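Student: Chain by chain, the residues:
Protein chains: 2
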Amino acid sequence: MFTLHLSPGACSRASHIALAESGLAYTLKRVKFAEAEQRSEAFLKVNPKGRVPALETEHGVLTENVAILAYIADTASKAGALLAPADPFAFARMQAFNAYLASTVHVAHAHGRRGARWADQASSHADMLARVPGNMRDGFRLIEDEFLAGPYAMGEQYTVADAYLFVMSGWLKSDNVDIAEFPRVAEHFVRIGARPAVKRALEEEASL
Amino acid sequence: MFTLHLSPGACSRASHIALAESGLAYTLKRVKFAEAEQRSEAFLKVNPKGRVPALETEHGVLTENVAILAYIADTASKAGALLAPADPFAFARMQAFNAYLASTVHVAHAHGRRGARWADQASSHADMLARVPGNMRDGFRLIEDEFLAGPYAMGEQYTVADAYLFVMSGWLKSDNVDIAEFPRVAEHFVRIGARPAVKRALEEEASL
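Chains as they are written, first to last, in this note's numbering: chain A, 1 to 208; chain B, 1001 to 1208.
These aren't lab readings, by the way, just hints derived from the structure by calculation. Small disclaimer: the values here were computed from a predicted structure and weren't measured. Beta carbons are placed, not taken as given, at the ideal position from N, Cα and C, and that holds for glycine. Keep in mind that the hints are not guaranteed to be accurate.
[Unchecked claim] No more than 27 Å apart at the CA atoms, straight line, and that leaves these computed lysine-lysine pairs for DSS-like:
| hint | chain 1 | residue 1 | chain 2 | residue 2 |
| --- | --- | --- | --- | --- |
| 1 | B | 1199 | B | 1045 |
| 2 | B | 1032 | B | 1078 |
| 3 | A | 173 | A | 32 |
| 4 | B | 1049 | B | 1029 |
| 5 | B | 1032 | B | 1199 |
| 6 | A | 45 | A | 29 |
| 7 | A | 78 | B | 1078 |
| 8 | A | 173 | B | 1049 |
| 9 | A | 49 | B | 1029 |
[Said to hold, decoys possible] Which residues of chain A face chain B? A partial, calculated answer using Cβ under 8 Å:
| hint | residue |
| --- | --- |
| 10 | 26 |
| 11 | 70 |
| 12 | 111 |
[Unchecked claim] Covered stretches of chain B, as calculated for chain A (at least 3 residues, CB under 8 Å):
| hint | segment |
| --- | --- |
| 13 | 1069 to 1076 |
| 14 | 1083 to 1095 |
| 15 | 1192 to 1203 |
With the rest of the complex left out, here is chain A (with noise of 0.2 Å):
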């Protein structure tokens, strides 16, 4: 039995389809963030990151979506789902593409909101709110033309990376850039979100 700590709309949400996906069973705990309950004494001691996702395992905690994307598919290969590449080439091509969206996608979008991380004047959060269009556009422009294998992510295979993906286009709007710019991705949005197992997780979500 999996735990996983979300916040809804938040990266979490990638891991969260995943388990949906997988067959595995899991429940939720929702992280307050209007509460600060991430930098809370109890949260700190499941993540002392204070980040989310972090996932509650019978081994362990494991945090980072990039980790526990991985780690999901892995388990679940072990029940008969299959959320990655078996061969260890396409396996790795799959981590990189979910570290371009946490390293670089991720941190594009959190310059908007999240500009308090790396600066501490208004102006500085402006000027970086300001580039979040134009950064999110490079890396969508990258996805576009050159990862997005299709139909999936990875190509005729479903995997986590599809999760991932899903929720960092269903970021573009928020930020400001019109996903049929990028008619790939806007297709492959559509396309995943009409998932069974996603628009679960979405309820779930919205539920909690």
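Got chain A; can you put chain B on it based on the hints?
Tutor: Same frame as chain A, but now just chain B:
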């Protein structure tokens, strides 16, 4: 045979050290940042992101340290070199460790010299630069107190996470943080730096 595209002093050093530790055959190609070679047509064909590291393999190009390090470890394990835990959860923890270095620590560091990625104004860049030591301290405080299992990053066994941590620890000085604030990290940095493969990788880098 692997070909690693790198720049001396950049985070590509982590993948380079992993190759040196692996016993696998590799060659190096320097990407000359001073000549903006990472934006050249030739290099963008290798890695459209215009970044290092990029690892050419017989199957294609792999990017992102998190993915490259795991792939080198996986390939090395088939040749008898143990550079990652065999246990799936322990492996996932290593991936979480590396993902934290990539998406939090490296990003914190990059705000010192690469602020133009996220903001336009000189005042914003100065503001970001001023926050770098504090943000690096926050990251290394967690590494020191929570994540560095000791004696190696993940415990008793050397893994590719040690190569990556070694590179990030080596950036503290230029970020105006005294590594001595973090005694366990400092001890790790010295011990990893004394490994023959690390010395060889640094010599190879200097000779490029």
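Student: Broken hints, numbered, in rising order?
Tutor: 1, 2, 9, 10 and 15
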